[in-house]
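For the protein sequence lines, the chains are A, B and C, in the order given.
Counting from 12, one number per residue, gives the positions in the first sequence under our numbering.
Counting from 1071, one number per residue, gives the positions in the second sequence under our numbering.
Counting from 5, one number per residue, gives the positions in the third sequence under our numbering.
It should be emphasised that the hints constitute simulated quantities derived from the structure, not laboratory data.
Each hint should be verified, as a subset may be incorrect.
[What the hints assert, rightly or not] Simulated pairs of lysine-lysine, BS3-like, Cα-Cα distance not exceeding 27 angstroms:
no.: 1; chain 1: A; residue 1: K246; chain 2: C; residue 2: K380
no.: 2; chain 1: C; residue 1: K77; chain 2: B; residue 2: K1153
no.: 3; chain 1: C; residue 1: K153; chain 2: C; residue 2: K54
no.: 4; chain 1: B; residue 1: K1295; chain 2: B; residue 2: K1354
no.: 5; chain 1: B; residue 1: K1354; chain 2: C; residue 2: K380
no.: 6; chain 1: A; residue 1: K246; chain 2: B; residue 2: K1354
no.: 7; chain 1: A; residue 1: K222; chain 2: C; residue 2: K206
no.: 8; chain 1: B; residue 1: K1153; chain 2: C; residue 2: K380
no.: 9; chain 1: C; residue 1: K206; chain 2: C; residue 2: K191
This one's a predicted model, so the numbers in the text were calculated from it and none came from an experiment.
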Amino acid sequence: MRFFSFYVTAIAVALGFILALLLTAFLGENPLDVAWVLIRGSVGSSTAFGYSLFYATPLIFTGLSVAWALKAGLFNIGAEGQMTVGGISMAIVGILLQDLSAWLAWPLALSAGFMAGAFWAWLVAWFKVNRGVHEVLGSILLNFVSYGLAGLFILNVFRNTESANPETLEIGSGFHLSTLEWLGGTSPLNIAFFFALAFAALIDLLIRRSKIGLHLSWTGGSPEFARRSGLSISKQTIGAMMISGGLAGLAGASVILGYMHKAREGFAGGAGFVGIAVALLGRGNAWGVVAAAVLFGCLQKGSLDLDIDTENISRDLAVVIQALIVIAVAARPVFERPIRNWVDRRNKAVN
Amino acid sequence: MDLFVAFIESALRVSIPLMFAAYGGLISERSGLANVALEGLLLMSAFAGAATVAVTQNPWLGLAAGIFAGAVGGLVFGVAAIKSRADHIVMGIAFNMLVAGLIPTICRAWFGVTGGTPQLDRSVRLTSDASFFVAAILLGAILFWALRATSWGLRLKAAGDEPSALTVQGVSAGLVRIQASVLCGAVVGLGGVNLSLCQGSGYIREMAGGRGFIALAALIFGAWKPVQAGLACLLFASADALQMLLQGKSFFDFAMPNSIVQIVPYVATLLLLALRRSTMNAPKAINRPV
Amino acid sequence: MSQTTSVQFDSVSRVFPHCRAVDNVSASFEGGQIHAILGENGAGKSTLMKLLFGLLQPTEGQIRIRGEVQHWKSAGDAIGAGLGMVQQHFALVDSLSVIDNIMLGYESTSALGVLNRGEAIRNLEKNRQSAALQLDWHQRVEELSVGEKQKVEILKLIARKSQILVLDEPTAVLSPKEIDGLFAILKSLRDQGRTVFVITHKLGEVFDHCDTWFVLRAGKKTGQGSIATARLDDIVRAMVGTDVPPLDSRRPAVTGESRLTFSNVSILEAAHPVRDLSFELKAGEVLGVAGVDGAGQSEIVEALLGLRSFAGEIEVLNCILKSSPTPNESAVQLTRLRELGLALVGEDRHQQSLWLDESVEINAAIGFEEQNQLVKAGWIQRGAWREAVLRWLNSFDVRFNSLELPVARLSGGNQQKLIFARELLGRAVRLLVVHQPTRGVDFAAIRLIHERIIAERDRGTAVVVISSELDELMALSDRILVLCAGRATGHFYREPTSAPFDREKIGVAMTDAAASRSTQQERRA
């Protein structure tokens, strides 16, 4: 069963790629060249692969975030906003406490990011539970609000007036996450990647083995049954959203603490939205999310070279591929049925 | 006084794309197709309109192209969501992503830049805000009437509330929804064209700026009814107009940072939505497969 | 009355991936008669009728209508050929008016697709039978009673000039009086030469109202004949395969302390309000709650779970419930009640008592993992869980291929047995609330469930059984409380005779005219 499900997902991914490459042919490129650029750009060297994993790191967090909420039947499309407020909070802590040593700085910054993200998602949950505002609308509107708030801190409160770019002051050196040269060459890949893997392991364990995870999926899978068994749906909703938001809040760690060492406008860079695709592709399984995030990280890195190495297409092709993959995954039933019938028929023929 | 007139004027102007998007969304949602793809449809038709004018220098062709692109987008979204029996919201978000990736990709292939279409000269734009506004109001009135009095409206409402009532009569509720989605796209297309050919001078990246979602909020706030949804658009548009008015102003020697002013419409939308709990009026079979 | 063959099945089979729902059925049905299609749940009755109606295509064989082989691809073709079907769940749009519902799909329009409602109404009023049904054409369907909604469905068939009518379980939601009314309409349609198929499992109404009977068992035809010459035993044997011995005689109830008390309880903010209800349930007895669907049963269950606000006083297992709890308070309260020994079997199994996509293993214990020590310090004990679940499922004779199978793949009977196993085993149950214990469940499972309910009573558990099947209640209950339109309209005690309850009197109480009229008026107001 599970193996079969993996096959179907793999077919969906392949379909997404094929359709997108066909599109490049229409736009006057050789699809095979495009595919080669994508592969070489993402895994062609240890630095390239380091960049891919660097891009994958926030996607693991936002993917886990969306997947966790999805387990409870909630569509958190606000991971981008939660990541933004989380990242800003880490930056603020880092700017204010310049002299803190790493042992205190790291946990403090991560907690700040988690809590800020959790708070931002709590707002969404509060509006849903108490005022009936659908979480999709609540979270998308709060995304826009979070950009404004981030702008306030980056452009006004903590602006680095000596820089020509719109960015904040530097965070204290204790907050800098160590980079991983042995794995990622000269890329900014840093230890946040392993934090992300650790969180994936934790989430995986919680979902499969803990009462919290069981009750979370129960609420999403059969809400009326859960309610009649003494679960408080509003409490579950609030809890699920806060953890989801917290995970998204951590997504900024890799970029802000590990690479920029400050906050720039738009530092989230759409990772919250790609996280939705990652969660849908990972199918609610924490390690599936990691795999999907690495795939999309590679795609993002590989597509950067398209700007230079091709005439007619740009890095935006990555978004097209991601969207097509999500559509193919969502439309699984369409091609799942014929494949299942074919497998059944073949099994029968063999017997 | 001048300030007030300017405020009203800009509120009316801002309400135009919102109304088209909300009416389009209304058609789609009343048929049971949950529509978070309004944002993508707006962008798609705004781009198609501006790109066509950039190539042909003919604003009327641009208008037609915008409406046509919206309809095609609606068809793609509708078929994908209905035929796959997938969650409409997932499909809507994927559709928005697809549009967000496709436009700059095509833009680069055609115009050499990813940011948008070339600037369009005033002479090749549709400059009459008033006509768009009148069209939007007329559309609301027609929708109000058609939902009550025509067989199209009857089938639309049935598909949204109880699709099985259509199926047992040999009418495909899925087809009713797909048709609704095409019509929705065409209507939203008018809003998109208004953005790129009337209020703006060409397409610029992400120019809808969340209007698709605010229109969806207005539609919900307006309890899925045309007149109320239209009024809700005016209300939400005034919040946006207020935001424009406040930009760069200072109060009691305190300069309001623009980033804070910019969030006014979103906060207002959220709070208004929370104030009026209208979700119980949602079509009963929304986001359920047929 | 025409006596020509109207519908003929020639060796019809319909194969689904995992079963033969209809297996080589050949039968012919005369025109101008009312045919009863009988069989247990899952016997293939609905599939057979869907084949007739063109909603499904036969895998083998063919169906002939008035001698012609049919090649329909959709319901529209069937309607065009003069067939009409009323589904068990009405296909009505609640938010639309009666006339809009009747017109839907076959609208008469003028230019621009404008609806011509006036013409449609004139056509209906010209027809003697549709005029006799006496409905307000402009009323919204959501304001109608169940019986009136059914009339709207029949009006749709009359308006389409259907000659062959199929009704799927039309009487399941009707009171005895409404059932008589329905058959009066069907008989007048028959007398005009129309052919009527009624899918049912209630034998009483078959003998009272139908002309022929036809039985399916496990997809195969097991009997057919005329009602005039039919014997009850033959029909039952055809349905079940064997004779069903009556349930063992039971020992009288030994009652103990009070476990559930309603004192002047009213539940007003509800789809089916309840007014001024009082009763007491003691340990060791079964209280049956009778009434047609929608008499307030669901509201009573939700109130005693503490999930609804009410006026008056409810005491469950010596806890006095909060009368208007917040969602969080009711969750805390319900958890407490479950710890004290409350067990619940919900009315709508798929929504309320199962997590359909999840495995048999999870479903068989979820919700009681804490009480049964299947979680420790927040972590699931996989071994203990699996071992307990296997024991419980075996003791309730639940048949399953694998613990990993999604519970949705089990049959209705096995699902229901699994729910009983989960709720009753592994802990001390003191109050069992069962809503529709055997809906959509096969005979063998019904028997086991009934035995276990009586066994619980004999162990000293207080039991509430809510059912719309009067026979079931009369078999199980020590007392029967009758509800009609949210009020208690009768209270009957078991007599130590061969007929422990007076069916007639209970039937009258179920349709208490005064009670139902007053609610109708309130609803209109």
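Hints not upheld, ascending by number: When the structure is compared with the hints, numbers 5, 7, 8 turn out to be violated.
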